[in-house]
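J.: Residue numbers (my numbering), protein chains in the order written: chain L, 1 to 237; chain B, 1001 to 1063.
These aren't lab readings, by the way, just hints derived from the structure by calculation. C-beta atoms are modelled at their ideal positions from N, C-alpha and C, and glycine is treated no differently. Keep in mind that the hints are not guaranteed to be accurate.
[What the hints assert, rightly or not] Taking beta-carbon pairs under 7 Å as the criterion, some of the chain L residues facing chain B (in silico): (1) 94; (2) 95; (3) 212; (4) 215; (5) 229.
[Unchecked claim] Beta-carbon label-pair distances, calculated as ranges: (6) L/223 x B/1020: 28 to 36 Å; (7) B/1030 x L/115: 34 to 42 Å; (8) L/4 x B/1021: 21 to 29 Å.
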Amino acid sequence: MNNPTIRNWLGFSTLALMLVSLFMVFDYVPPDAEMGIAQLIFYFHVPLAWVAFASFGLVAIAGIFYLWLGDQLWDDLGYAAAETGMVFCTLVIVTGSIWAKPIWGTWWTWDSRLTMTFILWLMYGGYLMLRASADDTPQVARFGAVIGIVAAMDVPIVIVSVRMWRTIHPAVLVTKQGTHGLEDPRMVWTLLVSLTAFTLLWAWFLMLRFTQLRTRSRMAWLAGRIALATAVASDPK
Amino acid sequence: MGAHFGYLFAAYSIIFIVIFLYVMLIWRRQAALDAELRTLEARMAALTEHSAAGRPSEPRSGA
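Please construct the entire structure, taking both the sequences and the accompanying hints into account.
T.: Rendered as structure tokens:
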């Protein structure tokens, strides 16, 4: 993950695919017959949700490995994934709210999927507040790992909530009847390109943050060694 | 364009503004990390110098 060539390649590929997906959203794909132009928010809203959920899944996996192996690497990976996931989860809620206003006539409603997503956002907000307010000790890392694992259990609930409970949130990818809601192939292609663009963006962010956190962990270790060596060198005995 | 273009524009603008702000945050953190690294390097150099000064001088090659 420390390879600058891969990082740069990821950055440029993300930029290029973002431009392609923007072109497809605004010039290629037809708007939905019922929702009109506001439905075009869907092509970034769904990929944002995908990368947010993937991030939180990665936090849980990293948390399990940290609790099992106790290696700082897993804690750094979990922290990086939680932070990037939080950025994307915030955008999911904001874009969903903007989409809801013209379609449902309200910015927010306590619908099952919206509520569960908000709870997910709150739990990872708590995780990040813990990490930001406390020192980087193994105990804090263990607490973080446990919170990350417990919070990730909400992700499958968010996904199946549209089928489990009565909801006004549309089930677009797989409808309640089991079919997919994208009739036009151009809609499918636009969604696939956007999904790829956001997956690359997520990987790029994750790589940048993970590299920074790894460097910080190594520097903290080195600072401790230097402090110890300085104390030994200045001791007259 | 349709009546809801304002919502569409707002949604896409917010996405790119937040992405830009997060990139800026990562960039600033990297700058702070680089500064911290330079401080550590300076401390390490001072320590090496200090320990070298405490030792007897090494014989020069060819002398």
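J.: Hint residue 212 of chain L vs chain B: min CB-CB distance below 7 Å?
T.: holds (6 Å)
J.: Tell me if residue 94 of chain L is really an interface residue toward chain B, meaning its C-beta lies closer than 7 Å to one of theirs.
T.: Since the shortest Cβ distance to chain B is 6 Å, the answer is holds.
J.: Holds or violated: 21 to 29 Å for the Cβ distance of residue 4 of chain L and residue 1021 of chain B?
T.: Holds - the Cβ-Cβ distance for residue 4 of chain L and residue 1021 of chain B, about 23 Å, lies within 21 to 29 Å.
J.: State, for the Cβ atoms of residue 223 of chain L and residue 1020 of chain B, whether the hinted interval 28 to 36 Å holds or is violated.
T.: At 32 Å between Cβs, range holds.
J.: Hint residue 229 of chain L vs chain B: min CB-CB distance below 7 Å?
T.: holds (6 Å)
J.: Can the hint on residue 95 of chain L be confirmed by a CB-to-CB distance to chain B that is less than 7 Å?
T.: Since chain B brings a Cβ to about 5 Å from residue 95 of chain L, closer than 7 Å, the hint holds.
J.: Against the range 34 to 42 Å, how does the distance between the Cβ atoms of residue 1030 of chain B and residue 115 of chain L compare: consistent or not?
T.: Once the Cβ atoms are compared, 37 Å apart, the range 34 to 42 Å for residue 115 of chain L and residue 1030 of chain B holds.
J.: Would the hint on residue 215 of chain L be counted as holding, given a Cβ-Cβ threshold of 7 Å to chain B?
T.: holds (6 Å)
Hint check: no violations occur; every hint is consistent with the structure.
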